[in-house]
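Here the structure of chain X is known, so what remains is to put chain D in place on it, guided by the hints.
There are 2 protein chains.
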Amino acid sequence: MKKYLQAHPWQIIEERFDPHLNKISESVFSIGNGHMGQRANFEEGYSGESLQGTYVAGVYYPDKTRVGWWKNGYPEYFAKVLNAPSWIGVKVRIENQRLDLATARVEKFQRILDMRTGLLTRTVVATLADGKKIEVESRRFCSMARGEVGAIAYTLTALNFTAEAELTLDVDADVMNQDSNYQEKFWDEVSKDSFEDGVIVTAQTKKTHFQVATGIRYRIQSQGAWVHGKKPRVELREKYAGHIVPVTLDQNKPVTVFKYAAVLSSLNHPTEKLTGNCLAVLNKAVDDGFDALLNEHALTWEKKWDECDITIEGDVEAQQGIRFNIFQLTQTYTGEDERLNIGPKGFTGEKYGGSTYWDTEAYCIPFYLGTAPPRVARNLLMYRYKHLPKAIENAVKLGFNDGAALYPMVTMNGEECHNEWEITFEEIHRNGAIAYAIYDYVRYTGDASYLTQYGLEVLIAISRFWAQRVNWSEDKKKFVMLGVTGPNEYENNVNNNWYTNYIARWTLNYTMESIVYAREHAQDDYRRALEKTKLNEVSEIANWKTIAENLYFPFDENRKIYLQQDGFLDKVLTTVNQLPVSERPLNQKWSWDRILRSCFIKQADVLQGLYFFEEDFSQEALKRNFDFYEPMTVHESSLSPCVHAILASRIGYYDKAYEMYLRTSRLDLDDYNNDTEDGCHITSMAGTWMSVVKGFGGMRIKEGVLHLNPFLPKQWTSYSFRLEFRSRVIKVMVSPAGTELKLISGGPLVVSVNGIKRELR
Amino acid sequence: MKKYLQAHPWQIIEERFDPHLNKISESVFSIGNGHMGQRANFEEGYSGESLQGTYVAGVYYPDKTRVGWWKNGYPEYFAKVLNAPSWIGVKVRIENQRLDLATARVEKFQRILDMRTGLLTRTVVATLADGKKIEVESRRFCSMARGEVGAIAYTLTALNFTAEAELTLDVDADVMNQDSNYQEKFWDEVSKDSFEDGVIVTAQTKKTHFQVATGIRYRIQSQGAWVHGKKPRVELREKYAGHIVPVTLDQNKPVTVFKYAAVLSSLNHPTEKLTGNCLAVLNKAVDDGFDALLNEHALTWEKKWDECDITIEGDVEAQQGIRFNIFQLTQTYTGEDERLNIGPKGFTGEKYGGSTYWDTEAYCIPFYLGTAPPRVARNLLMYRYKHLPKAIENAVKLGFNDGAALYPMVTMNGEECHNEWEITFEEIHRNGAIAYAIYDYVRYTGDASYLTQYGLEVLIAISRFWAQRVNWSEDKKKFVMLGVTGPNEYENNVNNNWYTNYIARWTLNYTMESIVYAREHAQDDYRRALEKTKLNEVSEIANWKTIAENLYFPFDENRKIYLQQDGFLDKVLTTVNQLPVSERPLNQKWSWDRILRSCFIKQADVLQGLYFFEEDFSQEALKRNFDFYEPMTVHESSLSPCVHAILASRIGYYDKAYEMYLRTSRLDLDDYNNDTEDGCHITSMAGTWMSVVKGFGGMRIKEGVLHLNPFLPKQWTSYSFRLEFRSRVIKVMVSPAGTELKLISGGPLVVSVNGIKRELR
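Read top to bottom, the protein sequences are chains X and D.
Residue numbers for the first sequence follow this note's numbering, so the first one is 1 and each next one is one higher.
Residue numbers for the second sequence follow this note's numbering, so the first one is 1 and each next one is one higher.
Calculated directly from the structure, the hints in this document are not laboratory data.
There could be a bad hint or two in this list.
It does not matter which identical chain is used: a pair holds within one copy or between any two.
[To be verified] Restricting the straight-line Cα-Cα distance to at most 20 Å, the calculated cross-link-like pairs of lysine to aspartate or glutamate (EDC-like) are:
#1 589 / 76
#2 702 / 615
#3 589 / 402
#4 133 / 164
#5 3 / 678
#6 476 / 556
#7 477 / 557
#8 91 / 250
#9 476 / 549
#10 476 / 557
#11 478 / 556
#12 560 / 474
#13 71 / 636
#14 397 / 583
#15 71 / 678
#16 477 / 556
#17 71 / 179
#18 64 / 184
#19 64 / 179
#20 71 / 583
#21 589 / 393
#22 71 / 675
#23 3 / 114
Chain X extracted, bound-state conformation:
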């Protein structure tokens, strides 16, 4: 854990430059707008340790799979988030010295990410080798109002000299992914061009043939006046175009470059119009100017915060942490485009590849349901609906048939990317989460139209998968599910993972209910779904019913707890507090063999099941299982603590709930797992939000009614959160005085608080 950032309710602040922390800060200070984003790399370049990252949503590359030993059924490639052409370059050369913080003496350094307005500011005073002292101030944002536009205001002030300088303003498509499997570059040049005050480079990905046009224009201002000076030198290379602009740096007279960028991809524009449209977007941005762009950007953020802000009084770090999570989630996914999803690193790193894990359904959808209009979550559901044919193909590849679907563990376009057999083939609970998200959406929004129009097909295909994936055990006289990996990935290839069996049975039942609902309430939809899926209403449903009624669940009669899997009680049952601190995290300190055989849990999947299906269990059952599993859980998945926080809140373990909240909310700000340099843990940030809203706030939807059951952690003075719920925005404020509710927008609503109904107007 590192604590080097300053606490502030709305800002992330770094006060000095430490090269060893640079990659972490590059992640934390990332900016994005759902359409594109980037790590906090320096505009002037940096020869020290850095992970260069510019990302364009939906643009990926299928890197050839690298494995030690091939297993039948593995995918041919792993879809990588692409490091895309960079538009941020403002390289600075002063009398043949390049400005580079790796070689200059950095005397002052400050980086501020203002989350309220989405603006990244950096101020540096550096002394070059020959003693020239220069101040740099850079302000940068990716416009939330115009997804394809980014802008930089980069100001240089010569503090103790006057000299000629050169600024290189460029687009660099000659970039690569650090995690390329075979050290290949993934971009080819399509075209490039230079014009009076800018350049444009259009590049195309190999194999996938996505095109991205990146255009930049610039303006230079000195002491408030535009500089129209010497002609730039044009530099054109393969996949690169730049202008080298001579400027005079007069002592103490700031020179500012405004660099505008437009980044358009062939996802949204026909390739033949890409360059033209790019220039049009770019020109409009230049015409409007930096201040106007920044203003509309900040206004858009203001609106976003109105929907989703959480305030915490009495604990600035907690306040900062929760806002950072909401900020990152909001800039990763805006819900405008049903082809996009929430990558595990968002726009903050390239690790893991793929854009979609079960994280989206289990963690992110509740966040977007609670903080954005229903279409955002609906788009995430549509994404999976559109991938249904590929999920069916994927199942066929593994030996399933008749329309059974296995959604991929990791995907970009619906095809599986992952290649570890124990995950790719066995971590099939993801299918359950995808079914559950449909239920979650309908429950929260009350909108059953998605269910009957689209969801039903998905549910039928997933139920078919479960029906084929179980088998009858003559020995147990029950249906069993063999060879699975649950959410607790510290167990592999187990039999009868309780969570997976539970969500499988739930899916079968929910599918059968949904069929009845659709038959009664949406006959056209129902008939169409029947036709498309060729469902046999008699034999298939009868079979599902038999399975649902006869599925096996491992249970310990002594302790009255659900068993994580068959044979779990054969382990040496000990607790995390018996482990020496020096042996943690286990995933860094122990061999895989030892981890697998131990009782220690990465994320407790029985508890995940109790969280999803809380209403099926008594308070005592929740407690018993929590008491058994929580002490064995090492929380080495970023997705783990939030579920524990919610359950702990539910059963009145408030201190435990708060402890779990702390683990999740500042995970990246404090680099808790020593891996933030690879990027932020975007999807688990949704879990932080859930910890507050579903945990401390006790928010639930039951029979269409919003229920709240809040408590105030003793460490806080008060807190508040906002909820989007059925066309209203509701503000919930919790203080020692009790729970106050305010209807920010929308019509009257009845809300249940601590079991008592209140009407909001």
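Below, chain D without anything else, positioned relative to chain X:
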């Protein structure tokens, strides 16, 4: 399965050239002598599909591990069998046309491997593009009498022309492994030289710094007279040296090149003397001449066959098959060098890397015990003894301590090479096989000196491993062993694999017995072992005893069978004959997921245990388990059928035994598994020998006495085998008239045949 080779009792014969079969033939026609060997690549080169392979025993390269996803505990590298500098090149150019069977019209082609003499002969008639018709006859061997010497007699006859030709006689160290993980070459040049009638190249492996000097000299003969003609052109390149020798090819007048090679490695010579010694060996070979070398080579083979031949009357294919197996094993490992071992592909291919698997202990040692003096098997045991410190290190890496040893799954120098967690970390039964081989050696040879001097340390270290690897299950009130993969690799990460638990308990008991034995019979050895291992005679032995007495074994009370692992009865229990032929082999047709969940067995590990510990079980128990497991076994491991053949023989299932024998004996000759092109399945060949000797012959050693209990498969007229046993060579002949025994050499011996003792003189 392919049937393109001619049946013959002593020869392997290919009668025509099929480019699609060439890589298979390259494997099958491989030659070697324990010190070095090579695939049947053509001397003149070949531009078609080919796997070039020249191998020098013990010379390997640690190729950087390639995995998709790293797991803690994985080794940094995978030791590869090295494609070494080639000495076979006799490239032929006739008036600027290169002789290349890929481009010439091949009119006649015959390849014969004479197993009796170890000579590879190839006769070709080919027409070049311009109509020149030429005959080639090549004879080649790696001397069994001089491990460092190889020789080729290569004869060219111009059939319809007279022309000038050039022969290139070279050493080529600029070679690579086809399975290089990162497309790297593994050799650097140390030196090269050219002299009047030959060249020498010394090359060194990267990282491991093995040096190999390869020298060649040649003589050219035309119509019985030595040709001393035009001076050769010398070609020297990086890692390459060759002479280009002009010769005149007169129509119908054969020209023969005798090419002699000496291949010396730094394993056996100080590097500073390597080149000098190489030349000395080479010169001696040239002085003695091809015929004398061939003669002594053939005589050595004759002696080998005297020790290990098996004859089969009435079935030429079976005869050829068994001899091929014995031939390949004998040329792979001669037992002279305790640093060497038996690679899975021997000198016939580079696949799998490593040289040592548990195959050596479980399959090869019985073969060498039965067919060679005890020192051969003893050297194989010493190999593991010398690796004991590394096996202890390996265990430490995985979290074990206090002198526990886990031998590697795959190794060259004692370090683990393999990198699949379910095998590397979990296929720990290998440790048991290594212990068992000590027992097997002592039982067969009666030589307990190995046990007390060396074996005891190994046994103690392995017992320590088992003692730490099990854990107490409060639930079962037994010790259990979690997370293992048995010999049946179609199950991974299971609990309580019966075979592994059984061999673990056996090891504990055998170690305790051996301690008592050493204490009583070899006190000095005992004291030394105690000191080295720091064994606590009280607490450790007490602990082992407790574990051995309380270890859990899964058992089906209904069927009275041992269960392969916990939960095996939850599977759908079906049989291989229910599988459509089109779905086999499963490892090519099914996803890994489906294979893991099915009941189908790659090699039946319960039966492996019954084979090892046959005397612990009643005939009825053997039958019951065989009847249960055999029908589920797909034998997709080349090591599987032999164990079934032996057990089937034991319980009187003679047809099944014969069927199993057929599967193993011609595995490579008929390319049964469609993978012989990668190399022959050397280690499983020992299983074929066991099928005959332990299966049909019923050979066992009980209390120091050789027992035989033979039956004659009805498909055969008679068969015979020879056994090395306690300084005797015994010939066993089985015919309808009964079993005849002959003492070929050594003093009188009492042998039990069908339970009746006979004295041989």
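- [ ] Kindly indicate which numbered hints from before are broken by the structure, ordering the numbers from low to high.
- [x] Result: no hint breaks.
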